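Asks: Below, each chain spelled out in residue letters.
Protein chains: 2
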Amino acid sequence: MILGGGFGGLYAATSFRHRGDLSITVVDRRNFHLFQPLLYQVATGELSPSDIAFPLRVVLSNRKNTRVLLGEATDLDAGNRRLLLADGTAEPYDVLIISTGSRTHYFGNDAWEERAPGLKSIEDATRIRHRILYAFEMAEKTHDPDERRAWLTFAVVGAGPTGVELAGALGEIANDTLRGDFRNIRPEEARILLLDNSSRVLSPFAEPLSAKAEQALIRLGVRSILGVRVTSVDATGVTIHRESGDEHIRANTVIWAAGVAAAGFGKVVADRTGATMDRAGRVLVDPFCNVPGHPEIFVIGDGASLKDADGKPLPGVAPVAMQQGRYVAGVIRRRLEGKPVEPFRYVDKGSLAVIGRASAVAQFGGEKLQLHGLFAWLVWLFVHLMYLVSFQNRLLVFIRWAFNYLTYNRGARLITGDPLPVVQEPPPDTPETLKPSTPTDRQAQQPQPTR
Amino acid sequence: MILGGGFGGLYAATSFRHRGDLSITVVDRRNFHLFQPLLYQVATGELSPSDIAFPLRVVLSNRKNTRVLLGEATDLDAGNRRLLLADGTAEPYDVLIISTGSRTHYFGNDAWEERAPGLKSIEDATRIRHRILYAFEMAEKTHDPDERRAWLTFAVVGAGPTGVELAGALGEIANDTLRGDFRNIRPEEARILLLDNSSRVLSPFAEPLSAKAEQALIRLGVRSILGVRVTSVDATGVTIHRESGDEHIRANTVIWAAGVAAAGFGKVVADRTGATMDRAGRVLVDPFCNVPGHPEIFVIGDGASLKDADGKPLPGVAPVAMQQGRYVAGVIRRRLEGKPVEPFRYVDKGSLAVIGRASAVAQFGGEKLQLHGLFAWLVWLFVHLMYLVSFQNRLLVFIRWAFNYLTYNRGARLITGDPLPVVQEPPPDTPETLKPSTPTDRQAQQPQPTR
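Chains as they are written, first to last, in the numbering used here: chain F, 21 to 471; chain V, 21 to 471.
FYI, nobody ran anything at the bench for these hints, they're computed from the structure.
One should not assume that every hint holds.
Identical chains blur together in the list; that is why a pair holds if it fits in one copy or across any two.
To be verified - Distance condition first, Cα-Cα at most 25 angstroms in a straight line; then the derived SDA-like pairs of lysine to any residue: (1) Lys84 <-> Glu157; (2) Lys287 <-> Leu105; (3) Lys161 <-> Tyr407; (4) Lys287 <-> Arg203; (5) Lys84 <-> Asp196; (6) Lys287 <-> Ser218; (7) Lys327 <-> Arg353; (8) Lys327 <-> Arg365; (9) Lys161 <-> Glu92; (10) Lys327 <-> Pro339; (11) Lys140 <-> Asp368; (12) Lys359 <-> Arg249; (13) Lys287 <-> Gly40; (14) Lys84 <-> Arg203; (15) Lys84 <-> Arg206; (16) Lys161 <-> Val115; (17) Lys161 <-> Phe36; (18) Lys332 <-> Gly313; (19) Lys84 <-> Met342; (20) Lys161 <-> Ser43; (21) Lys161 <-> Thr45.
Quick caveat: nothing in here was measured; it's all calculated off a predicted structure.
Sequences are here, hints too, so could you generate the full structure?
Replies: Listed below in structure tokens is the structure:
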């Protein structure tokens, strides 16, 4: 039984193809596999949700030994080998692979979530898309210059790959996509701020690539504010702390790309098996990805804590989950055949981060081969298209990208959800017939304590 | 000023192209034009929302005399010629074109909306998609045969074009799309019921076409139950009334395609101008689409009540709105030039309704030319692709259709929104650790009075 249809779970499930004697169940609370590396493109209106989400039943439909179960795991009965679901049913297993991924982490400030959404799910992405597009609409509408400036200020917290991709895409939206669409504002006047407490952007990459990325961001109008810590997020913006003192940045749109933690099921696993969790909620596994003392339970992907041969912790990226998924499927098969198994060994095929149009950074073989600019971007494009699961979507994504590249447009610029969002909206006035126009002060109406 | 960016408003806005001296404002509460005729394809997972929704700013960006305002109209100050918006601002106008469209109408039973969503917005469509896909997932999961049958029963209320299109698409989902995706159920066993109080399906069409459509539906596994009135919709399904007595049909998925009424702004117009409304909330306009006594206010599209030359009321379809949009733009231009204007005359170019794969009905010249089957479907395909506003989307839609036709797949089969929906879910059990599996009786948990 496999819990979670992300990269880890899906790659495990598809690695049992020649074992018709095994019965595989994939449990997920969503009916689709989400191609997370492109989620930022949904958040920025370049792709549609269905371009990067593939129904699990379709991906697995020709595996007759595999069934898909829509359900949310709530508990684990490790003694009787049963997984308990939210609807009250219990699913028995012989072997369990747990690949429940990660969630946005606010370092203890969960109240910030409402003001600064993270980017982990389709809903997160459409919510962020909503906020970005809505901010330009409100800037167009308001007559108050301060208000307008607040609507045109976008703060992205976290300068890792996700933060850089979001900030870069925001730069393109402001400079290219929306050009000419408004009458009262010039979208290119938007201020896009990228905040991080590290001293450089893309800190997992080699230093020269960080510098290249920062230059590319500047060309897109993104200003990096580094070496700062966010101490508060509220209705008026963010407060940052640096050695020289605190500063408040007024911004009506804040996006959180600063941290992830393991999804909540890790705690259940730890509680029920006695395993240890690290600070980010990941379960410490043995070199075979097993929960210690439970050779029938594997934890893989973002929810697992494991070190590579050099003693460095494995990063929370898709390739680790994919390789672990394939690896544990192999371990299970070999153990059934009575063959010995080797510990998991991560093969780092390289890292990629896209910044914008024809602009990316890449490194391979540790930091031995470094690429940037157009060539890195073409590599990024190729790799992502190749990994997209279904052919139909690959073609659709390619067409969208080609159009966007040629026309600077973004086809999925929809504000969906509530017709007019409640977030950062003034409370509805008591309907007074024929009330005269009064500019309202949003800040005054939604006071929030500044921490 | 144009209120509403649907077919009527958009066609009006784009008809002022050579009048740079006029200043046009399009007000809409959404940031996109929705191509409603294909909305049922979003509801049935064939297309993505962004395939049929086009940002208004993009459609109108090269019209320098036109601005787009995101806002919801709440009131009309006809004396001072001002439109009042929900955010408390007032927008002055010289001439106002009101094209606010229609909404789902439950004939006084608004409580049914929760159980039987209608299909008017992107959110409606993704909600219906959610329910349809979720029903198959629940049927796969349950072990109770009655429960399974209730999840596999789909009742579509209303056998007009929308109801027929939805029922036909449901038939294809059950018979083709989901084939082989499940392990415990056979999706083709789904019961799809099409309910209407008329004596035939597609009653606006010629009788022979109704018969053809009903045959085509039967081949898709859709059962039409005609000459019945729905008297109740509750958690257990629908109750229908026929002369021989009442019958209750247990169905966990009910979709409402039975009626539309004018959007709420019509009432404001009637209140503020003294105009008359008909039973469906539409404003009675004069032959120039003007509100009587207000040559500066036009009402067009689904929100207007007007008769054609034969004294028959104009239908609530997109071509009427498009033609009226172009027409009132012409009236405004001619009046400014001091030229006389002719009353509005609707040119009926024909009617089309699609039933499924390679199956549609069409009539042109009243009922003179009738088509059905593959040829009608190709006409439908061509017409809809031609009317799709942007080239990018037209191509994407074409590719999706081509793939769906060849593979029987549907690329946008996503259950989005809440991770697990609350609708028709049992209330969450008090979490009892290691509680044994107990099938729950959903009916007992969500009692609703049967009318």
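Asks: What hints, given by number in increasing order, does this structure fail?
Replies: 3, 4, 6, 12 and 13
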